[in-house]
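A.B. asks: Sequence:
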Amino acid sequence: MVRPLTERTANMAKLDAPLPAGFAKAIQQLVDQRNREGGPGHRRLYPRDLHEEALRELIGRAEAGEAILFLAPPSAKVRKSFWIDQDLKHGVDRLATEHGVTRTAVFVTALHTYLERQQAPSS
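For the sequence shown, my numbering assigns the number 17 to the initial residue and increments by one for each residue that follows.
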C-alpha cells in the first residue's frame, strides 16, 4: 500500500541499504499486527514508521551511553531505498561517524535489535 502524502513527507531523506533475508517480511508482519490491534484513534502504521522507531531506539540507547555492537550489513549488491525523517538521518550519520561504521550498519543493527525486542516473549 502506498503511503499517503503528508507534511511529514516534505522532510524526508533517502537511506540506501541491503537488508538481511526476512527483515522486510518481519517488519511488514509487525505493521500488520499493530494495525489490526489498533484501537480508537489509531493512526495507520507503515513500514517506515517502524524503521524510524527502530532507529530512534538505537540512537537513544547509544546517546544514553550503552555500548552498541554493530552488525555487519549483508554484502548484497541489491540495495533498497528507505525514506526516513531527515533529522533522524542526521542522527544515523552522527552515530555512524562516532562509531566508525557505515550508515547501513547502523540501520541493520537498529532493525535487528528492534525485531529481537518485538519478537521476544513477554515476561
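Read the hints as simulated data drawn from the structure, not as lab findings.
Among the clues, some could well be false.
[What the hints assert, rightly or not] Using C-beta positions, here's what the derived DEER-type ranges look like:
| # | residue 1 | residue 2 | range |
| --- | --- | --- | --- |
| 1 | Pro90 | Asp48 | 20 to 26 Å |
| 2 | Gln49 | Gly116 | 33 to 39 Å |
| 3 | Glu69 | His115 | 19 to 25 Å |
| 4 | Arg133 | Asn51 | 15 to 21 Å |
[As the list claims (entries may be wrong)] No more than 20 Å apart at the CA atoms, straight line, and that leaves these computed lysine to any residue pairs for SDA-like:
| # | residue 1 | residue 2 |
| --- | --- | --- |
| 5 | Lys41 | Arg77 |
| 6 | Lys93 | Glu53 |
| 7 | Lys30 | Ala83 |
| 8 | Lys41 | Glu69 |
| 9 | Lys30 | Glu68 |
| 10 | Lys41 | Gln135 |
| 11 | Lys30 | Asn51 |
| 12 | Lys41 | Gly55 |
| 13 | Lys96 | Asp109 |
| 14 | Lys96 | Gln44 |
| 15 | Lys96 | His128 |
| 16 | Lys30 | Phe98 |
| 17 | Lys30 | Leu66 |
| 18 | Lys96 | Pro56 |
| 19 | Lys41 | Asp109 |
| 20 | Lys30 | Gly81 |
| 21 | Lys41 | Arg64 |
| 22 | Lys96 | Ala40 |
| 23 | Lys30 | Asp103 |
| 24 | Lys41 | Ala92 |
| 25 | Lys41 | Arg60 |
| 26 | Lys93 | Leu46 |
| 27 | Lys41 | Pro56 |
| 28 | Lys96 | Phe39 |
| 29 | Lys41 | Gly57 |
| 30 | Lys96 | Tyr62 |
| 31 | Lys96 | Pro34 |
| 32 | Lys93 | Gln135 |
| 33 | Lys30 | Leu85 |
| 34 | Lys93 | Ala40 |
| 35 | Lys96 | His106 |
| 36 | Lys30 | Gln135 |
Glycine is no exception: its CB is placed at the ideal position from the N, C-alpha and C atoms.
A.B. asks: Please go over all the hints and tell whether each is borne out by the structure.
C.D. replies: Hint check results:
1. Pro90 <-> Asp48: 20 to 26 Å: Between Pro90 and Asp48, where Cβ atoms are some 24 Å apart, the hint holds.
2. Gln49 <-> Gly116: 33 to 39 Å: 36 Å, holds
3. Glu69 <-> His115: 19 to 25 Å: With a Cβ separation near 20 Å, Glu69 and His115 satisfy 19 to 25 Å, so the hint holds.
4. Arg133 <-> Asn51: 15 to 21 Å: Check passed, 19 Å falls within 15 to 21 Å.
5. Lys41 <-> Arg77: Since the Cα atoms of Lys41 and Arg77 sit roughly 25 Å apart, the hinted pair is violated (cutoff 20 Å).
6. Lys93 <-> Glu53: 36 Å, violated
7. Lys30 <-> Ala83: Outside the cut-off at roughly 27 Å; violated.
8. Lys41 <-> Glu69: 17 Å, holds
9. Lys30 <-> Glu68: Answer holds: Lys30 to Glu68 is near 12 Å, not above 20 Å.
10. Lys41 <-> Gln135: At roughly 13 Å apart (the allowed maximum being 20 Å), Gln135 and Lys41 satisfy the hint.
11. Lys30 <-> Asn51: Roughly 25 Å separates the two Cα atoms, so the pair is violated.
12. Lys41 <-> Gly55: 24 Å, violated
13. Lys96 <-> Asp109: 18 Å, holds
14. Lys96 <-> Gln44: 15 Å, holds
15. Lys96 <-> His128: 17 Å, holds
16. Lys30 <-> Phe98: 6 Å, holds
17. Lys30 <-> Leu66: With Cα atoms ~16 Å apart, Lys30 and Leu66 stay inside 20 Å; holds.
18. Lys96 <-> Pro56: Not OK: Lys96 and Pro56 at ~34 Å, beyond 20 Å, violated.
19. Lys41 <-> Asp109: Outside the cut-off at roughly 26 Å; violated.
20. Lys30 <-> Gly81: 27 Å, violated
21. Lys41 <-> Arg64: 13 Å, holds
22. Lys96 <-> Ala40: Status holds; Cα separation ~11 Å.
23. Lys30 <-> Asp103: 12 Å, holds
24. Lys41 <-> Ala92: Holds, at about 17 Å.
25. Lys41 <-> Arg60: 18 Å, holds
26. Lys93 <-> Leu46: At roughly 26 Å apart (the allowed maximum being 20 Å), Leu46 and Lys93 break the hint.
27. Lys41 <-> Pro56: 26 Å, violated
28. Lys96 <-> Phe39: 12 Å, holds
29. Lys41 <-> Gly57: Violated, because 26 Å separates the two Cα atoms, which is more than 20 Å.
30. Lys96 <-> Tyr62: 16 Å, holds
31. Lys96 <-> Pro34: 6 Å, holds
32. Lys93 <-> Gln135: Distance of about 28 Å is beyond 20 Å: violated.
33. Lys30 <-> Leu85: 24 Å, violated
34. Lys93 <-> Ala40: It holds: about 16 Å lies between the C-alpha atoms, which stays within 20 Å.
35. Lys96 <-> His106: 19 Å, holds
36. Lys30 <-> Gln135: Violated - the C-alpha atoms of Gln135 and Lys30 are around 27 Å apart, more than 20 Å.
Hint check: violations occur at hints 5, 6, 7, 11, 12, 18, 19, 20, 26, 27, 29, 32, 33 and 36; the rest are consistent with the structure.
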